[in-house]
Amino acid sequence: MFKKSLSSPHIHHPGYSTQGMMFRVILALLPAAAAYAWLFGWGVVINILLAVTVALACEAAMLTVRGRPLRPAITDGSAILTALLLVFALPPLAPWWLTTIGVAFAIVVAKHLYGGLGFNPFNPAMIGYVVLLVSFPRELTLWSLPAGLAAHTLDFGATLSYIFSGALPANLSIDALTSATPLDVMRTQLGLGQTTGEIMTAQPVFGFVGGKGWIWINLLLLAGGVWLIYRRLINWHIPVALLGSLFVISLLFYLLDPKQSPSPLFHLFSGAAILGAFFIATDPVTAATSNIGRLWYGAGIGVLIYVIRSWGGFPDGVAFAVLLMNMAAPTIDYYTKPRVFGHGKKDA
Amino acid sequence: MSNRQYTDITRNGLWSNNVALVQILGLCPLLAVTNTVTNGLGLGLATTLVLVTSSLIVSLIRNIVRPEIRLPAFVMIIASLVTAIELAMNAWFHELFNILGIFIPLIVTNCAILGRAEAFAVKNPPLPAVIDALAMGIGFTAVLVVLGGMREAIGSGTLFANAHLMFGDWASILTITLIEDYRGFLLAILAPGAFIGLGLLIALKNHFEARGRAAEKSQPAPQSAAASSHS
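If you read the sequences in order, they're chains A and B. Note that this note's numbering gives residue 142 to position 142 of the first sequence, counting from 1, and the numbers run on in steps of one. Note that this note's numbering gives residue 199 to position 199 of the second sequence, counting from 1, and the numbers run on in steps of one.
Don't take every hint at face value.
Unchecked claim - Pair by pair, the computed Cβ-Cβ distance ranges are:
# : chain 1 : residue 1 : chain 2 : residue 2 : range
1 : A       : 49        : B       : 195       : 29 to 35 Å
2 : B       : 102       : A       : 231       : 52 to 58 Å
3 : A       : 70        : B       : 109       : 47 to 53 Å
4 : B       : 167       : A       : 153       : 51 to 57 Å
5 : B       : 66        : A       : 327       : 42 to 48 Å
Don't read these hints as lab results, they were simulated from the structure. C-beta atoms are modelled at their ideal positions from N, C-alpha and C, and glycine is treated no differently.
With the hints as constraints, model all of the structure from the sequences given.
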């Protein structure tokens with residue numbers, strides 16, 4: 001079953017080589033990355049540079065150990081993309097060792113121990129993130145405040161020294177710079193018996209539909225994702241099924257009990273839903289491969305995101321949802337195999 | 001039996017047919033309790049004790065028990081022994097007993113023990129059966145200790161923590177702190193760490209064996225075929 005699963009792309013076209021695809025996906029991520037850096041400070045830039053360096057170093061080391069040629073795998077951009085996706089999931093002021101462990105685990109264990117690009121059953125960036133989330137829950141909740149909310153911002157030098165040595169300028173504490181993420185705040189306050197309306201108006205991290213600042217990053221991610229569909233680098237099935245099922249299930253609970261359930265728009269524009277829908281779940285290696293399979297796969301992730309966010313142990317569930325459906329992808333492929341032309345009847 | 005056969009039995013148990021690394025048996029306790037060296041050693045010794053005594057008894061009664069009812073008989077023997085060991089640990093290693101908890105009674109269901117009874121003890125006289133059980137038990141314990149050491153060192157930055165639970169108060173000096181003020185790497189302590197660690201150990205063993213075979217090929221030794229026999 002696992003051996004027989006399909007792998008795309010089958011068509012060879014200069015624009016659709018692995019390298020071409022990876023760099024276009026990275027290009028589509030860049031506006032959002034720029035907005036992320038603009039809103040959350042220099043830490044994002046430092047994290048990206050650090051993560052990409054570590055990813056390329058790990059990739060080169062593993063290729064050398066495995067006796068594979070270096071050039072094609074290093075230049076295909078997949079390691080850079082993994083690093084970039086992981087940085088989106090990490091707090092902007094993540095210490096250097098956190099980023100390094102996450103990226104190294106993603107490349108060494110989740111990618112190369114399974115056989116390298118094309119053979120990994122799980123999305124490497126999400127494995128790296130989950131390893132960090134499970135191992136260092138405290139560090140991952142220290143999210144810096146977006147521009148406009150933060151009373152203090154760190155300049156480049158101070159950020160660099162904090163990330164690499166943990167030292168802050170004398171008059172600042174880390175609590176002044178960070179807060180819980182919007183999903184985390186929503187979760188805690190609902191647990192304290194507040195209603196969603198009270199939380200959205202009383203808590204400063206919330207803006208128009210979701211977290212302040214986050215809306216811009218998510219809109220740019222959405223634009224990048226739509227561009228990827230327009231350029232036919234990804235199919236519409238997974239993102240539409242994922243966001244659609246998340247929308248439907250959150251709408252259902254919102255209509256049943258609007259005081260306890262955040263609105264569907266809040267769910268779509270908070271956390272990593274959009275990033276996951278367009279950039280993580282669509283990874284051609286780990287997703288389902290037939291169009292009907294992709295719809296099931298995306299819908300499964302959407303439902304799981306809602307379930308984990310609402311009743312699970314963590315504020316956001318995109319990474320766990322993607323990994324769980326990665327596990328299910330070969331089975332989905334098995335049951336949604338397209339009928340070969342001329343063989344069998346649809347209702348036979 | 002000749003000495004040669006005893007050597008083969010021992011080599012089988014310790015290395016080439018190792019319970020944990022080759023037969024992949026007894027994974028439930030192996031994965032669950034190996035978060036420190038002490039826990040691994042404690043469970044490994046308890047399992048070895050059950051394995052040796054059950055193999056001895058099974059071998060002694062092998063001509064009396066009819067094949068049709070041998071499995072219930074073996075399971076009852078193993079269960080009685082485990083109950084005895086459970087009571088003994090509760091009395092003399094009470095704190096360790098509390099840490100290992102459910103995994104002491106669960107030794108009954110460790111497939112390695114029933115597996116050795118069925119595959120070896122029931123077909124062999126007492127002495128080879130005991131040697132086989134001892135080798136298998138030590139092989140299993142060694143993997144538990146190595147895996148426990150890996151997970152403890154990476155997960156909490158210590159080695160032999162809580163050793164006094166097993167050896168008495170003097171053993172507190174055995175505890176080594178590898179890294180001061182270690183933040184801890186929870187993944188190694190939790191279940192995924194056990195799976196990843198066991199996978200790496202199996203890979204390491206296969207790597208050694210592949211290298212051994214490659215060395216044999218390059219300079220053919222006369223007795224190489226028998227030495228590398230692998231079930």
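Verification of the hints:
In this structure, residue 49 (chain A) and residue 195 (chain B) meet the distance hint of 29 to 35 Å, their C-beta atoms being roughly 33 Å apart. A C-beta distance of roughly 56 Å is found between residue 102 (chain B) and residue 231 (chain A), which places it inside the suggested range of 52 to 58 Å. A hinted range of 47 to 53 Å for the beta carbons of residue 70 (chain A) and residue 109 (chain B) is consistent with their spacing of about 49 Å. Between residue 167 (chain B) and residue 153 (chain A) the CB atoms are about 55 Å apart, so this pair conforms to the stated range of 51 to 57 Å.
Checking the proposed 42 to 48 Å range against residue 66 (chain B) and residue 327 (chain A) shows it holds: the Cβ atoms sit about 46 Å from each other.
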